[in-house]
Amino acid sequence: MKADPISLLTSLGHAVTSRLDRLGLAARFAFAVFRVLGVVFLRFGLIIRELYFSGVRSLSIVIVSGLFVGMVLAVQGYEVLQRYGSTEALGVIVALSLVRELGPVVSALLFAGRASSAVTAEIGLMRATDQLAAMDMMAVDPLARVIAPRFLAAIFSLPLLAALFSAAGVCGAWIIGVKLIGIDDGAFWSQMQASVDVRIDIVNGVLKSIVFGVAVGLISVFEGFFAVPTAEGVSTATTRTVVTSSLAVLLLDLVLTVMMFRGLN
Amino acid sequence: MNRSQFDLAVGAFVALGILALLFLALKVGNLAGFDTGTAYVIEARFDNIGGIKVRAPVKSAGVVVGRVESISLDGETYEAVARLRISSAFRFSKDTIATILTSGLLGEQYIGLESGGVPEYLAQGDRVMKTQSAMVLEKLISQFLFNKAAETPGQTK
Chain A
2 MKADPISLLT SLGHAVTSRL DRLGLAARFA FAVFRVLGVV FLRFGLIIRE
52 LYFSGVRSLS IVIVSGLFVG MVLAVQGYEV LQRYGSTEAL GVIVALSLVR
102 ELGPVVSALL FAGRASSAVT AEIGLMRATD QLAAMDMMAV DPLARVIAPR
152 FLAAIFSLPL LAALFSAAGV CGAWIIGVKL IGIDDGAFWS QMQASVDVRI
202 DIVNGVLKSI VFGVAVGLIS VFEGFFAVPT AEGVSTATTR TVVTSSLAVL
252 LLDLVLTVMM FRGLN
Chain B
-16 MNRSQFDLAV GAFVALGILA LLFLALKVGN LAGFDTGTAY VIEARFDNIG
34 GIKVRAPVKS AGVVVGRVES ISLDGETYEA VARLRISSAF RFSKDTIATI
84 LTSGLLGEQY IGLESGGVPE YLAQGDRVMK TQSAMVLEKL ISQFLFNKAA
134 ETPGQTK
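Residue numbers (our numbering), protein chains in the order written: chain A, 2 to 266; chain B, -16 to 140.
Hints in this document: simulated from the structure, not taken from any laboratory.
Please note that a few of the clues may not be correct.
[Claimed, not checked] Think about it this way: if two alpha-carbon atoms lie no more than 20 Å apart in a straight line, the pair counts; the simulated SDA-like pairs of lysine to any residue are:
#1 Lys36(B) with Met261(A)
#2 Lys180(A) with Val81(A)
#3 Lys36(B) with Ala195(A)
#4 Lys10(B) with Ala188(A)
#5 Lys36(B) with Val93(A)
#6 Lys77(B) with Pro102(B)
#7 Lys36(B) with Ser196(A)
#8 Lys10(B) with Val81(A)
#9 Lys10(B) with Ser98(A)
#10 Lys42(B) with Trp190(A)
#11 Lys10(B) with Ile177(A)
#12 Lys10(B) with Glu89(A)
#13 Lys36(B) with Leu97(A)
#14 Lys42(B) with Gly187(A)
#15 Lys42(B) with Ala188(A)
#16 Lys10(B) with Ser191(A)
#17 Lys36(B) with Pro6(A)
#18 Lys10(B) with Leu97(A)
#19 Lys10(B) with Arg200(A)
#20 Lys42(B) with Ala195(A)
#21 Lys10(B) with Ile176(A)
#22 Lys10(B) with Asn205(A)
#23 Lys113(B) with Arg74(B)
#24 Lys10(B) with Ile201(A)
#25 Lys36(B) with Leu120(B)
#26 Lys10(B) with Glu102(A)
#27 Lys122(B) with Gly187(A)
#28 Lys42(B) with Ala90(A)
#29 Lys36(B) with Arg200(A)
#30 Lys10(B) with Ala90(A)
#31 Lys77(B) with Ser98(B)
#32 Lys113(B) with Ala44(B)
#33 Lys42(B) with Thr82(B)
#34 Lys42(B) with Tyr23(B)
#35 Lys42(B) with Arg110(B)
[Unchecked claim] From the structure, some residues in chain A lie toward chain B, with a derived Cβ separation under 8 Å:
#36 Gly46
#37 Ala96
#38 Ala122
#39 Leu126
#40 Ala195
Idealized CB from N, CA, C, for every residue including glycine.
Let the sequences and hints guide you as you build the complete structure.
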């Protein structure tokens, strides 16, 4: 391999332009999807079907994970809090970390692994077997028929899944903290209620998960729609969906957290 | 699966999600509290506000009656001005005393209101005339040491 400056510069330029190219493609694709979103509501059955496959089928993993995350938070939180003799604050710690951060973020990560990867594989295989081209031939817009319902399903189901995750987590923490360790039941709930603000904490958490739903949903349909139409291409696209979605969720979470919670205390 | 089974499953999913949101709003947060109800704002000036933050509770006899809405510094008198949002369900007399208290040794700080005996009540925009500032630990210790040093061994009985 030649390592002369010209070819190094060329490969650097190629790396930058190809990424920018893909970003531009994604932006134009997103614009096209948003334009057909309204049409989809005329055929609501399509969204129902996708809600079932991405939302309902993710219920078990989200609720069970939430329960375990809440339990672990309770065990770890109790460990630290008892040094300061303020174990009643356990409910506050668990509820705030679940509602503000872990609920939206972890459920989005689980959703990316459980549902988005399947969406990408499905659309990618449709692309590979020319089903999307066939739809185009029959004057059916694949964006409205295939892409938009899957995208909308992600936006609808993620906030609900995040709420379920947080609720399951709080219940898990209650089982460990109150039932097993023996923290006072009243103090657990009342301190939680005194510190968790509906608008600042819960509504912001829901807003976060809506944003994550847009990001994860868009990435999954984009990767599937533009998958290389081979077996290898579909598998690469699926992997990219999970990796890109996870990174996007974590990055967006940082940005949103700074915007929402900075300057509160 | 046919259409109605999808509908049933999705309906159950949405209902479950909304239940979870309600659980979070009512049981974890406190929507039933007076954040939504009517309230009036009174002002209290402190020489030192200590660790009070915006949204800190305002309590009377240990019961939460409101929250701190904003904190600012009066540029002329160098007093901290706290605006307290009090639920309209509670009325406090004009000679109410506002004190900065701490729940427990390490707990959060809050503002305690102690109603007096005057039959006129504080209304929107009024100022609490009597306030008691936060205790600053460093000042307490130095005062204690100062007093201790003032006691010469011969004078102590």
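Against the structure, the hints:
Straight-line distance between C-alpha atoms of Lys36(B) and Met261(A) comes to about 17 Å, which keeps the hinted pair within the 20 Å bound. This hinted pair checks out: Lys180(A) and Val81(A) have alpha carbons roughly 19 Å apart, not beyond 20 Å. With a C-alpha separation of about 14 Å, the suggested pairing of Lys36(B) with Ala195(A) holds against the 20 Å cut-off. With a C-alpha separation of about 13 Å, the suggested pair Lys10(B) and Ala188(A) falls inside the 20 Å cut-off, and the hint holds.
For a cut-off of 20 Å, the pair hint linking Lys36(B) to Val93(A) stands: about 17 Å separates their Cα positions. Restraint check: the Cα-Cα separation between Lys77(B) and Pro102(B) comes to about 8 Å, which is no more than 20 Å; the hinted pair holds. Of the supplied pair hints, the one linking Lys36(B) and Ser196(A) holds, its CA atoms being roughly 13 Å apart against a limit of 20 Å. Under the criterion of a C-alpha separation no larger than 20 Å, the hint pairing Lys10(B) with Val81(A) is inconsistent with the structure, at around 25 Å.
With a CA separation close to 16 Å, the supplied pair Lys10(B) and Ser98(A) stays within the 20 Å bound. Only pairs whose Cα atoms come within 20 Å are accepted, and Lys42(B) paired with Trp190(A) is accepted, the gap being roughly 18 Å. Of the pairs offered as hints, the one joining Lys10(B) and Ile177(A) holds, with about 18 Å between alpha carbons and a cut-off of 20 Å not exceeded. Annotation: proposed proximity of Lys10(B) to Glu89(A) holds, straight-line Cα distance about 16 Å (limit 20 Å).
This hinted pair checks out: Lys36(B) and Leu97(A) have alpha carbons roughly 17 Å apart, not beyond 20 Å. Taken as a hint, the Lys42(B) and Gly187(A) pair is honoured in the structure, with Cα atoms around 18 Å apart against an allowance of 20 Å. With a C-alpha separation of about 17 Å, the suggested pair Lys42(B) and Ala188(A) falls inside the 20 Å cut-off, and the hint holds. Simply put, Lys10(B) and Ser191(A) have alpha-carbon atoms about 9 Å apart, close enough for the 20 Å limit, and the pair holds.
For the proposed pair Lys36(B) and Pro6(A), the alpha carbon gap of about 58 Å is over 20 Å, so the pair is violated. This hinted pair checks out: Lys10(B) and Leu97(A) have alpha carbons roughly 13 Å apart, not beyond 20 Å. For the hint linking Lys10(B) to Arg200(A), the alpha-carbon distance of about 14 Å falls within 20 Å, and the restraint holds. Simply put, Lys42(B) and Ala195(A) have alpha-carbon atoms about 12 Å apart, close enough for the 20 Å limit, and the pair holds.
Simply put, Lys10(B) and Ile176(A) have alpha-carbon atoms about 15 Å apart, close enough for the 20 Å limit, and the pair holds. For the hint pairing Lys10(B) with Asn205(A), the CA-to-CA distance comes to about 17 Å; that is within 20 Å, so the pair holds. Our distance criterion of 20 Å between C-alpha atoms is met by Lys113(B) and Arg74(B), whose separation comes to about 16 Å. A threshold of 20 Å between alpha carbons decides the hint, and for Lys10(B) with Ile201(A) the separation of about 16 Å falls inside it, so the pair holds.
Between Lys36(B) and Leu120(B) the alpha-carbon distance is near 18 Å, which keeps this suggested pair within the 20 Å criterion. A C-alpha spacing of about 18 Å is found between Lys10(B) and Glu102(A), which places the hinted pair at or below 20 Å, so the restraint holds. Only pairs whose Cα atoms come within 20 Å are accepted, and Lys122(B) paired with Gly187(A) is rejected, the gap being roughly 36 Å. Annotation: proposed proximity of Lys42(B) to Ala90(A) holds, straight-line Cα distance about 19 Å (limit 20 Å).
For a cut-off of 20 Å, the pair hint linking Lys36(B) to Arg200(A) stands: about 17 Å separates their Cα positions. The suggested pairing of Lys10(B) with Ala90(A) holds, with an alpha-carbon distance near 16 Å, which does not exceed 20 Å. As the CA atoms of Lys77(B) and Ser98(B) are separated by approximately 8 Å, the hinted pair is consistent with the 20 Å bound. The hinted pair formed by Lys113(B) and Ala44(B) meets the criterion: a straight-line CA distance of about 17 Å does not exceed 20 Å.
As the CA atoms of Lys42(B) and Thr82(B) are separated by approximately 10 Å, the hinted pair is consistent with the 20 Å bound. At most 20 Å may separate the alpha-carbon atoms for a hinted pair to count; Lys42(B) and Tyr23(B) meet this at roughly 15 Å. Distance check on the hinted pair: Lys42(B) and Arg110(B) sit about 17 Å apart at the alpha-carbon level, within 20 Å; holds. For Gly46(A), the interface hint holds, the least distance from its beta-carbon to any beta-carbon of chain B being 6 Å, beneath 8 Å.
For Ala96(A), the shortest C-beta to C-beta distance to chain B is roughly 5 Å, which falls under 8 Å, so the interface hint holds. Hint on Ala122(A) is violated. Least Cβ distance to chain B is approximately 20 Å, over the 8 Å limit. The criterion of a C-beta within 8 Å of any C-beta in chain B is not met by Leu126(A), whose closest approach is roughly 20 Å, and the hint is violated. This hint holds: Ala195(A) has a C-beta 7 Å from the nearest C-beta of chain B, less than the 8 Å allowed.
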